[in-house]
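A.B. asks: Could you build all of it, start to finish, from the sequences and the hints given here?
277 is the number that the numbering used here gives to position 264 of the sequence shown; each next residue is one higher, with no gaps.
It is possible that some hints are incorrect.
[Unchecked claim] Taking lysine to aspartate or glutamate and the EDC-like style, the derived pairs with C-alpha atoms no more than 20 Å apart in a straight line are:
1. Lys55 with Glu231
2. Lys193 with Asp105
3. Lys55 with Glu78
4. Lys226 with Glu68
5. Lys120 with Glu96
6. Lys193 with Asp131
7. Lys193 with Asp101
8. Lys349 with Asp367
9. Lys41 with Glu72
10. Lys279 with Glu299
11. Lys226 with Asp21
12. Lys324 with Asp367
13. Lys309 with Glu299
14. Lys309 with Glu276
15. Lys94 with Glu198
16. Lys193 with Glu78
17. Lys133 with Glu87
18. Lys133 with Asp105
19. Lys82 with Glu135
20. Lys120 with Glu195
21. Lys309 with Glu342
22. Lys94 with Glu195
23. Lys346 with Glu273
24. Lys352 with Glu342
25. Lys55 with Glu103
26. Lys235 with Glu299
27. Lys133 with Glu78
28. Lys280 with Glu299
29. Lys82 with Asp105
30. Lys232 with Asp21
31. Lys226 with Glu103
32. Lys226 with Asp24
33. Lys133 with Glu96
34. Lys374 with Glu342
35. Lys55 with Glu239
[Claimed, not checked] Label pairs and their calculated CB-CB ranges:
36. Gln52 with Asp139: 43 to 53 Å
37. Asp139 with Glu273: 46 to 56 Å
38. Thr307 with Lys94: 38 to 48 Å
39. Glu201 with Tyr325: 56 to 66 Å
40. Thr307 with Ile236: 16 to 26 Å
No lab work stands behind these hints: they were computed from the structure.
Beta carbons are placed, not taken as given, at the ideal position from N, Cα and C, and that holds for glycine.
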Amino acid sequence: MATKSDMDFIDTVFSWSLEDIFDDDFYKDQVQEIPVSFQSPKQYLGSYVLPLLDETRAEMLSSMEMIAKAPYAEVTCLEAKGEGYVFDVEVDYWRNRFSDRGKQPYKTLPGDVLVIADAKPETASDLQRIGRTWTFALVTNIHEDEHEDDDGDENEDDDDDDDEDEDDNGDYNNSATHFKVEAREYIESKAGMQTSLFVVYLMNITTNRRIWKVLQREKNLKIIEEVLCTDSMVKESCSLCSSEMGRTWNEKFLTCLLSELNESQKKAILASLNNIQCKHNKSHVELIWGPPGTGKTTTVSVLLFTLLSMKYRTLTCAPTNVAITVVVERVLKLVKEAKNTSSASDDRFFSLGDILLFGNKERLKVDKEN
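C.D. replies: Below, the structure is given as structure tokens:
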């Protein structure tokens, strides 16, 4: 169920016009450079609000520019539900599900942002034609009938083709065709669907909504205070504990791993390990930060592998299923490489059973090969 802060995010996104979405300077005068240091958790969280909105706008712009290739379907039934702009939607089947090469075929999920229009748009400008009606809509729920066997194992080995619709190209389409949406404005639905309506997929904003909720947080800010060190006390690394810790992890394979990292990655890993084993500091929070492509995933993977080899139990969380899968793949690769370099009597390493992955199997995209 959406909270007030969550709805504030959705309302903001739905308030954008096409001109706003295509305006790269829409937040130019509002987004400020994120400071190096912060005075309070409130300032820290607030610094990311506008950048998140601008990132969402940019992603929606990219989707609008590719709208001709986006997955779409024709509406067969549209029924208003209660107050507000909530509708039950049924479509025939999804087309263009395989339009993104290298990605999984499209499947309707809660959090999907759709365009509902009286004609299938080939460009964003088509939506601005005189007489054209359209609106944004957010998928809030998938009809239960289509997923009633998702949590069961009884029919795991059965052929599922009987439950799938075949599209015009002979491709089997198992994306949901019955779902609930919340629209930006009221959608006129005539009896018997005399006027054609189409739904077009743009993007999924589930991850952005989760980040937004965190940025609106007012309670349980202790961990952020620890990271920011708002008490202005600089917590230096304990040299005594650092030297003791070095003897614990400084093994051949781990030393080799660190030699493949750059200096900032090494520093981040060593700082984290120092804090974990230090007996004098009460706080063991370390912030590893970096722009995209700077090696954060590699750094975290090596750190997790090191902790696993030191017999520490760790819990790793991420805002998306894909992010968790990527980290697990990296750690598993390191585990396999370590086992290949260890003797049969070497008990410093561990079995793959020591690594547990929790989540939605389908969304994690885990199969026998990875």
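A.B. asks: Could you check the structure against the hints above and give me the numbers of any it violates, in ascending order?
C.D. replies: 3, 5, 16, 25, 31 and 33
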